[in-house]
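Q: Chains A and B, in that order, give the protein sequences.
Position one of the first sequence corresponds to residue 1 (our numbering), numbered consecutively onward.
Position one of the second sequence corresponds to residue 460 (our numbering), numbered consecutively onward.
Just so you know, these hints were derived from the structure itself, not from any lab.
Hints are supplied without guarantee of correctness; some may be wrong.
To spell it out: a stretch of chain B is covered by chain A in this simulated footprint if at least three of its residues, at any positions, have a beta carbon under 8 Å from a beta carbon of chain A; those stretches are [said to hold, decoys possible]:
hint, region
1, 562-571
2, 668-682
3, 716-727
Here are the computed lysine-lysine pairs in the DSS-like style, where the Cα-Cα straight-line distance is at most 27 Å [stated by the list, open to error]:
hint, chain 1, residue 1, chain 2, residue 2
4, B, 545, A, 268
5, B, 723, A, 254
6, A, 84, B, 545
7, A, 40, A, 66
Note that the Cβ used here is the ideal one computed from N, Cα and C, for glycine as well.
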Amino acid sequence: MQEDWTEKYRPRSLSQVVGNESAIRAIRRWAESWAHGVPKVKALILKGEPGIGKTSSALALAYDLKWDVVEMNASDHRNAESIKKVAGIGSMTQTFTLDGEFLSSHSGRRKLIILDEADNLFGREDYGGAKAIVDTIRESSQPILLIANDYYELTRRASALKRLATSVTFRRLDPSAIVVVLRSIAENENVTVSLDTLGKIASNAGGDLRAAINDLQMIVEGRSHLDAEDTDVLGERNQEKELSRALGAMFGAKTVREAQDATLNLDKMPDELEKWIEESIPSEMKDPEDLARAFDALSRSNIYLRRARALQHYGMWSYARTMMTAGVALSRKSGRRPHVSEYRFPSFLIVMSRAKGTRASRKSISSKLAPYFHTSSRMFDESILPYLSKLLTKDRELMVKLGCETELDDGDISNLLHVDSDSSIVKAIRAEIIAIKGEDEVMRKKTPRRKSGRSLAEF
Amino acid sequence: MADVWVEKYRPKKLADVIGQKIIVERLSAYVRTVSMPHMLFAGPAGCGKTTCSIALARELYGDQWKGNFLELNASDERGIDIVRGKIKDFARAASMGQNDFKIIFLDEADSLTGDAQAALRRTMERYTQTCRFVLSCNYSSKIIEPIQSRCAVFRFRPLSESDVRICIERISKVEGIEVSEEGYLAIAQLAGGDLRKATNILQVASSMGGKVDAETVFESTENIRPSEIQELLTTALKGSFMAARSKLDDMIVIHGLSGEDIVKAIHRAVLDLPVNEDVKIRLIDRVGEAEFRMVSGSSERIQLEALLAHFAYEGKNGKS
Ligand SMILES: Nc1ncnc2c1ncn2[C@@H]1O[C@H](COP(=O)(O)OP(=O)(O)OP(=O)(O)O)[C@@H](O)[C@H]1O
Ligand SMILES: [Mg+2]
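So that you can see chain A by itself, here it is in the shape it has in the complex (with noise of 0.2 Å):
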């Protein structure tokens, strides 16, 4: 039997991996700062999409160093409980000796812990996983690598990690590299495959080298040699082409039935189907008649989807069908058709994937800043955070203060500021703080806590 491909070429050293090169540069450098006794920065986020290199690389570099192993990923449990354990049996070791220094030259081994799919932590089951994973990072003297596809999903279960660990950012890899390590594998495997096949395979990859490589697999698997048509098995893994087509095909129709039947083999669910449509609609329609008789089409056929998830009654769904494809492609009555070329990814999409991010850190800001005012969160993101943070990009004093009194962490001053989270100007406020919180918890000792400055509730 042969093996899964993934698997048998997955790189056994850094040097295998390829792509991402200042990824890779940025890992041994940190690795290196291990040679002698604990450093700083003692754990690494790799983030990126899938199929990249993130997990090759993290095994790649404890091969390259020998370290030990200790891995955990979203196929564990992962509670506070089972990741203390875990993290403890990496820390074993060294717990016989008092410096990693010492550690290194002695027993000679580091144990790398890898906490694969960190973005993966589960409510319920994996009950405060989240904090674990700090803990562990703070308590810990042995390395630990991180590895997201969603960094924000990550950071807004545990902030803290945005201060305690540095971000390394995997990239999709191109095309051509892609071919590159596609032609070395054909060839490994003794099969001829044109470069042209290759090239195929690769940008139907959309940049995932881990996707190709089970492309390659699937259709080479019992041949010697590839003819052209072999790829025409191949899933379309990127599908906006072939929703291009169908699109074109839906704005060109002359009837109803058209209409309906250009859109019907595509493999999506109508309300994502509904979104291409509505992004669509203003590049195919310029008469403004034909856009508001497109948009009301579109609007019933909304409304159908509604009904249907609402009562749960799914035939409502081919109702939806014939409003958003016929609806809306007969409503052009000036004549002619502009030439549109490309149909674009959802821009709505693209938003609420980009305002993730924004959310999870708003909520991160809110959680911890609603208390201090005494509201809600929703009073405090509605009618104070707008002002506030208009105030703090003017006020460096108010923000140091409020960075003293409350539990905010770099991240958060940075989006309070709207500025970059490594700045110079949120590295200088935290040094600000930790001075004045030094100074304080001082004082703490001696008086009963001293207001100073203006005071914050009066805002």
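Fit chain B with the ligands to the supplied structure of chain A, relying on the hints for placement.
A: Using the frame of chain A, we list chain B with the ligands on its own:
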């Protein structure tokens, strides 16, 4: 003999699978080399996803296929516990017999929660020595990207009318049933590329005894013949509301059809009415509204009457 035909006639060999030619060709190659990637089967209902998975297992493992093939229906067991428990255990367990890997078949994988899908990721990578995953779903967009990345994606298409015919012919030959030309067409039309549906319709229609023709097909499935609906609607379009309503009453009272059945049939029929396309859209929107009101609990007859009145109105005004 009480056999459910969809099971009785489920192909046991890949070669017997109808349609999906290029996919079947690949799967057969995997049987020859005893090697395959994880796979995601995406496509509408009744087009062969489960059948292909089981046939693949039978050919790979012969008599031992059941011990090497864990079939889970994700819509029954969709939580994260199942992924961290049952699935992980099976994946970890050493394989038996000659074969080096087992297959975990997750039917309706799109009903797994996002959390459960996420928990599947490393398991899919870690135990490739002992196990391969085959996931099936209707919409691949409901499978999280990291899982899609771990799979070769096979897109199953709804079957063509001639494929449906092959399926019906195969069964009717063995069962010794006669199917008329209109019978084939009626089944193909109602099944819409879904072989499970086609097979079920055939079984019910033939259970009425005698030849399977359009009449028995529509009757047995409690569907109205398209020609009857056409008649109803053209009568209404001509402005004969009273005549149309008495046809409607016949359908409800004599044929015992539900309002929802009728409204669905009307939706299908509108596309072939002799009115212009704008009118069709307006009518379909009306039909949808009527169905919504019926589902929300209002009187079926009143809604249908109102609908027919609208057809009459559009017939008068929408000729242009
Ligand atoms: N940069 C790369 N260099 C070499 N091989 C790679 C690279 N990226 C991915 N691969 C191939 O894809 C497989 C999966 O990669 P890896 O496990 O590192 O992905 P990942 O980034 O951790 O994805 P996920 O977020 O889905 O876990 C590897 O076994 C290897 O075959
Ligand atoms: Mg990974």
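Q: For each hint, tell me whether it holds in the structure or not.
A: Against the structure, the hints:
| no. | hint | verdict |
| --- | --- | --- |
| 1 | 562-571 | violated (count 0) |
| 2 | 668-682 | violated (count 0) |
| 3 | 716-727 | holds (count 3) |
| 4 | B:545 / A:268 | violated (31 Å) |
| 5 | B:723 / A:254 | holds (23 Å) |
| 6 | A:84 / B:545 | holds (24 Å) |
| 7 | A:40 / A:66 | holds (22 Å) |
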